[in-house]
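Which chain is which? The protein sequence lines are W and F, in order.
The numbers in this note's numbering rise by one with no breaks, and the one at position 11 of the first sequence is 355.
The numbers in this note's numbering rise by one with no breaks, and the one at position 305 of the second sequence is 364.
Please note that a few of the clues may not be correct.
Quick look at which bits of chain W chain F covers, simulated, 3 or more residues with Cβ under 8 Å [stated by the list, open to error]:
hint	region
1	501-507
2	531-542
3	566-578
Now the in silico label distances, taken between C-beta atoms and shown as ranges [stated by the list, open to error]:
hint	chain 1	residue 1	chain 2	residue 2	range
4	W	Ser-587	F	Glu-419	27 to 35 Å
5	W	Thr-592	F	Ser-411	26 to 34 Å
6	F	Ser-411	W	Ser-391	51 to 59 Å
7	W	Ile-590	F	Lys-105	54 to 62 Å
8	W	Thr-413	F	Thr-508	57 to 65 Å
9	W	Gly-608	F	Asp-112	27 to 35 Å
10	W	Thr-592	F	Leu-145	26 to 34 Å
11	F	Pro-474	W	Leu-535	53 to 61 Å
12	F	Thr-267	W	Glu-467	54 to 62 Å
13	F	Phe-547	W	Gln-390	44 to 52 Å
14	F	Asn-413	W	Glu-467	36 to 44 Å
The set of hints was computed from the structure by calculation and includes no laboratory data.
C-beta atoms are modelled at their ideal positions from N, C-alpha and C, and glycine is treated no differently.
Okay, here's what each chain looks like letter by letter:
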Amino acid sequence: MRWLFLLLGTVLSWPVFGQTVPDTSHAVAVMWANERQVDDPIPQCQSDEITLPFTLAGRLILLEARVDTLVGNFILDTGAPFLVLNKSWFRKYGTTAIAQAGGITGGISDVMSTMVREVQLGEVIYNQVEADVIELNHLENSRGVPIFGLLGLNLFKSFEIRIDYDKQQIKLFRLDKKGKRLTGQYPEKALEELPFYLSNNTLLVDGTLVDVPMRFCLDSGAEVNVLHNRLPKKAMTGVLINSRSILTGTGNRRIEVLRGTMTGVHMHKFKVPPMPVLITHLGNMSRAYNLRIDGMLGYDFLSIAPVSINFVTNKLTFWEVAVTP
Amino acid sequence: MRRQLTIWLSMLLGFVYQAEAQKTDKTVPPVYACYAEETVVHIPKKVSTTELDSLVSLFSLQELRLTYLFTNGQLHDSTKQAGWKLDQTATKQYYKIVKPSTAQENDFSAWFPTKPGEPLIPWEDRMLISELAGIHGFDPTYFYPTARYGINKFKKASVKHLGGNAYLFTLQGYEHAHEVAISGSFNGWSKGQHAMKRVAGGWEFIQTLAPGKHLYKFIVDGMWIADPQNDLREKDGYKSFNSVFFAYNKDFIFNALPNANKVFLIGSFNDWREQELPLEKTKEGWKISMYLAEGTHAYRFKVDKKYYLDPENRVSLTDGEGFENSYTSIGDTMLFKLAGFADAAEVFLVGSFNGWNEHELRMKKSRDGWVMPYVLAPGVYEYKYRIDGRWVADPANPTVAGEAPYDNSVLVVKPNHLFKLEGFSDAKNVLVSGSFNNWNESSLKLQKTTNGWELPYYLAPGKHTYKFIVDGVWQKDPGNKLWEQNEFDTGNSVIWITP
């Protein structure tokens, strides 16, 4: 039955002529989102503006957080829907296996879920936070520092989160109902403002690549931009490919990776500067939550200028870099 | 139903893409392009062998067997079998080789499931991709800085030695700040846990430091700043700088010529650079305080263009170029002792610490054997004695790596971790194997104690994974709760060593 809905949704939403990228329907995504619902944790804090310094491990943002009694490095990962804990460090936590019935492969997932009593990030405290517990040892081994987990998107959904790579600093602004900062202060000039939307706590932005409609996922956990390798020819004319490699990935899968530079990306009125990009088969990605995603924009996009993500107005804003005296 | 849908989708995708493909044409085609419906490779027909080789390597095109194509004008059978076709409609300038996408590649159901909470691309794949993009995830120099020597350079001393290992870090000003913290290599670059204390005129923090190089920054209300009083800075790997502080462990004093104009210290540690390390004038003569790495160092003083040995150090040797140098050692002297072998003509100490040089460290005959004092930095070393040309493992050292006759004695200098396995009193043989010895299965034997097995060992700072092998059976360390999954689903124990 589910497949019937998917088929109907897909066909109905598909523009008959003139469009090159098949656009799966949002209705389908909503249906699938019901499979796994995690309540957004409610933050408690006194200040209207919270500053969190971070360090970089490669191009990953390492923030310091406390999960119950354990304090350490967590990666800010807007590509993760919610809090994810590294199983090595949180093995003692009581976990429930999540049977992901009816996944596309029909398999049952072995992801474990747990409930954390308290999470503290700077002065922000969350109580009763649902988290997944997975093995993150590859990540930890590659970065050479203990990594306790990933701070996913739903921890920040009542804030405007401002990421400044140059200053290695995150700012969290509390917002009123209309999405205005409670501080009332906007000292910087907005360079660009883009609408985004969320699907299953995945941050999505629409744009075009050489006039071909594209849907990008914004992911601070992506150290490089990645494009799906099954894009139409017209879109691919915007990518200059410099090299190609074959990697061996998870479970000895062969991964073909092309390296190149992507030009001609537009997002609404914003002409995105040329960015390095890798092109590979986004197996997981392009069918994530049954929403077609054509690429993932990470560090190179989010570090164009200090950037704010406002989850009330659903606007992404690049700010003019303040000149320090 | 699922299969039908897949075919449907594939057909529709192919149709839409095909229409689009016909619209676009480029005069200079990309060498390699991967589209929804096909993969296309364009190889210029006029290309030198070197250029062709470089194209093959850059784009991993070995499968295409291009040399065969250039010689025979057609694809090799194995290339055809892999699904490649030579497109005869291509231009005169280029070979166009095409491989249609398989239905599976455009098949939604063949793709991998996303587990909730898991990133859309598995982290393992991400790490591979990052590596390919040249992003180095971990720079050990940032967390565990090392140096052969170092001297500080302050405008005004903002770090003061309080005695012992204690140092006072101060930040002047910033009185209106709410919170100031110190972050550095010595606290794992913590981001707020090490709050500085507000004092009149600024902020301060007492930190214990081992001799050596340390990197740090201050965090003022969430804003990173390098120490404004410290002129010694290093790039922080991004767009800013870290302050550098050396905790000293060595004074050099030269009081023989108090009226000299200039005195410099030169040595093996600074590659004999002559104008780099000036001594400061004191009441009695001249002095320089510095950090010097553990090990043995040769040095001299350069006093007004003339070279002098250290008059306060009797240890001097002549180097191969005829210069006589003073020698100093930092760290503990290990005394290698070999009992017996009184009839031997010559005995050499040979080990990983001297690059297994068989003729360098000649041992001295003692009353009951042979001795050799040697200074070694903390670490794990392997060694053997060479007695009249015969290799002998140290009979007095029970810790060995490998099996005879390829057994080396293992010396652990300043161990910082004790591998300990309680119980197993009936076991005959307990070994430890891990990332630190490349998972060698026969190298590190634990010694039996009254209630179990143990081995003191030196582990470099960072993460290590390991397992015990008890009479040939691998097992995690039951005394260590921290472990991670491995590719065999049996788990490895994990230790993090902080400096």
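Exercise. Taking the numbered hints from earlier one at a time, note which ones the structure violates and give those numbers from smallest to largest.
Key: Going through the list in order, the structure violates hints 1, 2, 4, 7, 8, 12 and 14 and respects the others.
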